[in-house]
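Q: All chains should be modelled from the sequences, with the hints used to inform the complete structure.
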Amino acid sequence: MESLRSSSLQTPFFFSQSTVLSNKSVSNPRTISPLMPRAKSRFEPLWCTTSHSSETEAKPKETKLWGGRFEDSVTDIVEKFTESISFDKQLYKHDIMGSKAHASMLAEQGLISFSDRDSILKGLDEIERRIEAGEFVWRTDREDVHMNIEAALTDLVGEPAKKLHTARSRNDQVLTDFRLWCRDAIDRIISSIRHLQVALVKLALNNEGLIIPGYTHLQRAQPVLLQHLLLAYVEQLDRDAGRLLDCRARLNFCPLGACALAGTGLPIDRFMTSEALGFTAPMRNSIDAVSDRDFVLEFLSANSIIAVHLSRIGEEWVLWASEEFGFITPSDSVSTGSSIMPQKKNPDPMELVRGKSARVIGDLVTLLTLCKGLPLAYNRDLQEDKEPTFDSVKTITGMLEVSAEFAQNITFNDKRIQKALPAGYLDATTLADYLVKKARYFGIPFRTSHDIVGRSVALCVSKNCQLQDLSLEDMRNLSPVFDNDVYEFLGVENAVKKFSSYGSTGFACVADQLDDWAAKLEINKSTCH
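If you're matching positions, the sequence shown starts at 160 in this note's numbering and goes up one per residue.
Just so you know, the hints here were simulated from the structure itself, not pulled from any lab data. For each residue, glycine too, the CB sits at the ideal point set by N, CA and C. Misleading hints may appear alongside valid ones.
[Claimed, not checked] DSSO-like mimics (lysine-lysine), calculated; alpha carbons at most 27 angstroms apart, straight line:
id, residue 1, residue 2
1, K252, K553
2, K361, K679
3, K248, K322
4, K248, K259
5, K515, K503
6, K239, K252
7, K684, K657
8, K596, K515
9, K578, K657
10, K515, K578
11, K531, K239
12, K596, K657
13, K321, K248
14, K597, K578
15, K684, K574
16, K515, K361
[Said to hold, decoys possible] Computed spacing ranges between beta-carbons, pair by pair:
id, residue 1, residue 2, range
17, K679, N365, 27 to 37 angstroms
18, V616, D642, 13 to 23 angstroms
19, D405, G293, 31 to 41 angstroms
20, K281, A517, 46 to 56 angstroms
21, G293, L680, 32 to 42 angstroms
22, R409, A380, 22 to 32 angstroms
A: So, in structure tokens, the structure goes:
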């Protein structure tokens, strides 16, 4: 054993040629040399790969649109590392929109002819058609969405296309595209928020009068109407939509015409392009226009808050679907099973909603870190703002959609909830309110009432009963203030009836809230029962 251990310790990490050849199970043995090219790993980054074949002839590279002052073309590794077309081609529709507005403005200002403008617009229409038909070839050597479209336009219409970039830089061009894209994305997310709000309000309308335990510290606290709790989510989502609308208003200013950073000496009309693209106005400072990404930071911050809200819904519904709670039963259509445990029925969609919130928050942190410490004006670092933004929007949209789908496919288990209600002395605070009302006549401060009810709960614990099971004599031993009317405050249903403050869980208050939300979301209440 010792010799074996010693031998194994001396075995080198790389097998020698003789060791490989001595393996009888290997047919057609090959000599292994550390100088031989290694097989490409599937985990190797694309931009790290190079061809080892000496027989492959390098294709002549297309001259870059910015290549006039360069004698040599960039290497393949640099080209693959710096390209962004693999992800920013999502901006194609907005890039074409911006180019059309820019070309029209150039023609109106006499910087290009109307004939050139018409050729450009016709060419851009054809490029958009090809992209949407899947016929357009995106080329990495053309770097990004802007250069791909401009080069393709030149191939299509010739000289007029070379005039399109007059009084425009990719710096202001990409910001225009990106603001337009974010504006549309915000509109889509707000629509998804409204869809989830409608699902939650309908769920509330379908569970009228159902009382559930309310929790603080994940401990039983007070009885609340399920409708009230569901409307709490609706209120949170409404603020989320409001944040997005605020963000939309702030980002809706046009950077086009700011050029690289200093503007231009050509007689352009930035107000014309701004209006054509639906912006509020041109951005006032050209350096600010091309250098800041605060609108994206605000957007991803709003998305992160939505994600946190959705994660809380996810956590609550995952708990409620557990055997320990049993408050809800998801339908099979929104549940998954286990590969080994045949009995399992898991609320996986809401677990993933809870989990994907980390991803959305991570996208925000990525962008915050990216922007930290960048000097004015534009820096290539900012190319990295797209992928976290695209991911944040895709993820938050999916979270909203699946949450609405889940809400439409769950059932609340009335009997299980009713059985759970007695535990926890949920009516204790209402009993304290009873004593406060009596205090007007007997002068009992709230803290004294709190102490009396606390001792009442302790008595119940010793008797293994509920507050409503205590006799009047038991209560009067604790305080002579108690009278027969105390029983009108005890029990979860009586407790809920006593809530009357604005925004509370009282029956009348919640009914008013539901009416307001049904009207706001244009829900026909008659179809919800």
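Q: Take a look at whether the Cβ-Cβ distance between R409 and A380 falls inside 22 to 32 angstroms.
A: With a Cβ separation near 39 angstroms, R409 and A380 fall outside 22 to 32 angstroms, so the hint is violated.
Q: Under the criterion that the straight-line Cα-Cα distance not exceed 27 angstroms, is the pair K578, K657 satisfied?
A: 22 angstroms, holds
Q: Is the Cα-Cα distance between K321 and K248 27 angstroms or less?
A: 21 angstroms, holds
Q: Are K684 and K574 close enough, with their CA atoms no more than 27 angstroms apart?
A: 25 angstroms, holds
Q: Holds or violated: are the alpha carbons of K597 and K578 at most 27 angstroms from each other?
A: Violated, at about 32 angstroms.
Q: Is the distance from the Cβ of K281 to the Cβ of A517 consistent with 46 to 56 angstroms?
A: 47 angstroms, holds
Q: Regarding the pair K515 and K503, is the alpha-carbon distance no greater than 27 angstroms?
A: 22 angstroms, holds
Q: Hey, K531 versus K239, does the alpha-carbon distance stay inside 27 angstroms?
A: 26 angstroms, holds
Q: Please verify whether K596 and K515 have alpha carbons no more than 27 angstroms apart.
A: 48 angstroms, violated
Q: Quick check on a hinted range of 32 to 42 angstroms for G293 and L680, using CB atoms only.
A: Since G293 and L680 have Cβ atoms about 38 angstroms apart, the given range 32 to 42 angstroms holds.
Q: Is the hinted pair K515 and K361 satisfied, with a Cα-Cα distance of at most 27 angstroms?
A: 26 angstroms, holds
Q: Holds or violated: are the alpha carbons of K596 and K657 at most 27 angstroms from each other?
A: 12 angstroms, holds
In this structure, the hints that do not hold are numbers 8, 10, 14, 17 and 22, in rising order.
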